[in-house]
Amino acid sequence: MTYSPHTEADRARMLDAIGVASVDGLFDDIPSAVRAGPWSVPPPLVEQEVRAELARLAGRNRIPEVSFLGAGVYRHLIPSVVSEVISRPEFATSYTPYQPEVSQGTLQSIYEFQSLICELTGMEVATASHYDGATATAEAALMACRLTRRTRVAVSAGLNPDYRRVLETYCSGPGIEVVDVPVDLAEGGSGTTEPSSAAEALGDDVACLIVAHPNFLGQLEPMRELADAAHAAGGLFVAVVEPISLALLEPPGDYGADLVAAEGQPLGVPVSFGGPYVGLMAARMASVRQMPGRLVGATRDVNGRKGYVLTLQAREQHIRREKAASNICTNQALMALAATAYLTAVGPIGLREVAELSMTQARHLTGALVAAGLAERRFGGTYLNEVALRVPDAARRHAALAERGIVAGYPLGRSEPALHDTLLLAATEVTTDADIDRLVAELEETR
Amino acid sequence: MSYPDDLRYSKEHEWVRLEDDRATIGITSFAADELGDIVFVELPEVGATLSQFGTFGVVESVKAVSDLYAPVSGEVVEVNEALGDSPELLNSDPFGKGWIALVTLSDAAELDALLDAAAYADETA
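The listed protein sequences correspond, in order, to chains A and B. To convert, note that position 127 of the first sequence is 127 in our numbering; the numbers rise steadily by one, no gaps. For our numbering, add 447 to where a residue sits in the second sequence, where the first one is 1.
Worth flagging that the hints you see were computed from the coordinates, not collected in a lab. Every value quoted in this text rests on a predicted model; they were computed, and no experiment measured them. Just so you know, even glycine gets a beta-carbon here, dropped at the ideal spot from N, CA and C. Accuracy of the hints is not assured; some may be wrong.
Said to hold, decoys possible - Examples of chain B residues lying across from chain A (beta carbon under 10 Å, computed): (1) Asp484; (2) Phe487; (3) Val512; (4) Pro534; (5) Asn538.
Claimed, not checked - Within a straight-line C-alpha distance of at most 27 Å, the following computed DSS-like cross-link-like pairs (lysine-lysine) qualify: (6) Lys323(A) <-> Lys458(B); (7) Lys306(A) <-> Lys458(B); (8) Lys544(B) <-> Lys458(B); (9) Lys544(B) <-> Lys306(A); (10) Lys458(B) <-> Lys510(B).
Said to hold, decoys possible - Taking CB as the label site, the calculated pair distances span: (11) Arg305(A) <-> Gly501(B): 39 to 47 Å; (12) Gly501(B) <-> Thr330(A): 51 to 59 Å; (13) Thr330(A) <-> Val493(B): 33 to 41 Å; (14) Gly501(B) <-> Ala17(A): 46 to 54 Å; (15) Pro417(A) <-> Gly501(B): 23 to 31 Å; (16) Gly413(A) <-> Phe500(B): 28 to 36 Å; (17) Arg284(A) <-> Val493(B): 16 to 24 Å; (18) Glu481(B) <-> Arg305(A): 50 to 58 Å; (19) Glu489(B) <-> Asp204(A): 41 to 49 Å.
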């Protein structure tokens, strides 16, 4: 059968009606110099040949045998129920329908997601999700500017450098200036944002202070003091968090965060190049009308039965046009559903166990490397499941280990030259003792 | 439709009631009817300076969101806090209990750029 609804005869009639000789004639206005093509496309292949070609390409993937890479994305055990739930065709194939209230199941799943994120963060309202942690962070910055009517944002250098670049891009359009707040990078220093330097960067035109916790160096930040500094300058405090850490750490709502943004990938979404991941954002109810994106609310119908609706849509672009809170209303519904299924499957005790085991393995990893004389802590202070370790000649040895199928974390020199001798190593509950032993043995051989 | 004779009107559907140098501002019954059930009003802050025909707040109804445009320039001395809990006053009594803000008028000549009741009625006919 053909999937094309129009026959040649249909096309000829339509062209005739508008007085154009051929379909190509529709594009005559486009100068040939800017047209794409001609295409150099290989001849068609039969299915068997396509499979062989794809297998050949896939064979070029280098899948590490052992990985300590984190840097914003973390491998965790994903219970099978997560893929079972998100593979259901009702969820997997459906786009948010126009007249979304027809899809009560989809809306209920998003409402439950929002409720879980509120519980995790200690905040009052969460969005239906965003593309990823970087865009959620950038949206939080824009939201802070709308709420305070200020035009600068201060950001800790401890924020993931990729997030920092996305933030810069988002801010460039509306003309918002991004001000950096340094992190103490001294040998054996805190590796955190000093509240005094934050206070220096803040001023009566700064909408918010953005701080990651744990920061990109794995360090826990003095969030309460930093929140106080932001508030003292009349600005808002944006906490960028790692969701599994919230099973152990104080919820951002408790230390004065006005906005929370996060990458939700650790909650049941597999590590993959380019995603899809899922951005989380939560806020206080008083600022709900400035939140970007979709929000699902619970209500009752005329018969008193519980139901779910898209609510406060007047913030959104299809109603408010250019004055909408954001020009992106896309949410990552399927990945948000994965997070919902994951959190439901592991429960609060399971989540805490995941966080504790990850932390324990990171300590085991650090201890083993330090005991072997291969590394030392680059900073003081506290870390959770990711740690910055000084390893002499880090870049060369990182590359040498990669040849042996081991990803020895992220070489921090790639984003901060002062840390050229430092590797950022992550551990989670899937990191085995044998993985750690292998890293120690192989790193020894690269001396 | 007819409109109160003692007010001046903008083409953006706001009204002004002048008492000495103080001007009360609201939206017209025409605007309220067009918007439908109003569910939220974002009020200006007391002390804010409004400029004629500039935006100073937002009204949100079940079907639309609209900016409020100041019919005159001036400083906000009072806002109608009752609209926080009862935004529907804009629908039920737009020229009375549904007033939005009280401002000190900075330039009485600006009133010349506004319409009288008859002209506004023509405008919305």
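Each hint, compared with the structure:
| no. | hint | in the structure |
| --- | --- | --- |
| 1 | Asp484 | violated (12 Å) |
| 2 | Phe487 | holds (7 Å) |
| 3 | Val512 | holds (4 Å) |
| 4 | Pro534 | violated (12 Å) |
| 5 | Asn538 | violated (16 Å) |
| 6 | Lys323(A) <-> Lys458(B) | holds (21 Å) |
| 7 | Lys306(A) <-> Lys458(B) | violated (43 Å) |
| 8 | Lys544(B) <-> Lys458(B) | holds (22 Å) |
| 9 | Lys544(B) <-> Lys306(A) | violated (35 Å) |
| 10 | Lys458(B) <-> Lys510(B) | holds (21 Å) |
| 11 | Arg305(A) <-> Gly501(B): 39 to 47 Å | holds (46 Å) |
| 12 | Gly501(B) <-> Thr330(A): 51 to 59 Å | violated (33 Å) |
| 13 | Thr330(A) <-> Val493(B): 33 to 41 Å | holds (39 Å) |
| 14 | Gly501(B) <-> Ala17(A): 46 to 54 Å | holds (49 Å) |
| 15 | Pro417(A) <-> Gly501(B): 23 to 31 Å | violated (48 Å) |
| 16 | Gly413(A) <-> Phe500(B): 28 to 36 Å | violated (56 Å) |
| 17 | Arg284(A) <-> Val493(B): 16 to 24 Å | holds (22 Å) |
| 18 | Glu481(B) <-> Arg305(A): 50 to 58 Å | violated (33 Å) |
| 19 | Glu489(B) <-> Asp204(A): 41 to 49 Å | violated (22 Å) |
Hint compliance for this structure: hints 1, 4, 5, 7, 9, 12, 15, 16, 18, 19 are broken, all remaining hints hold.
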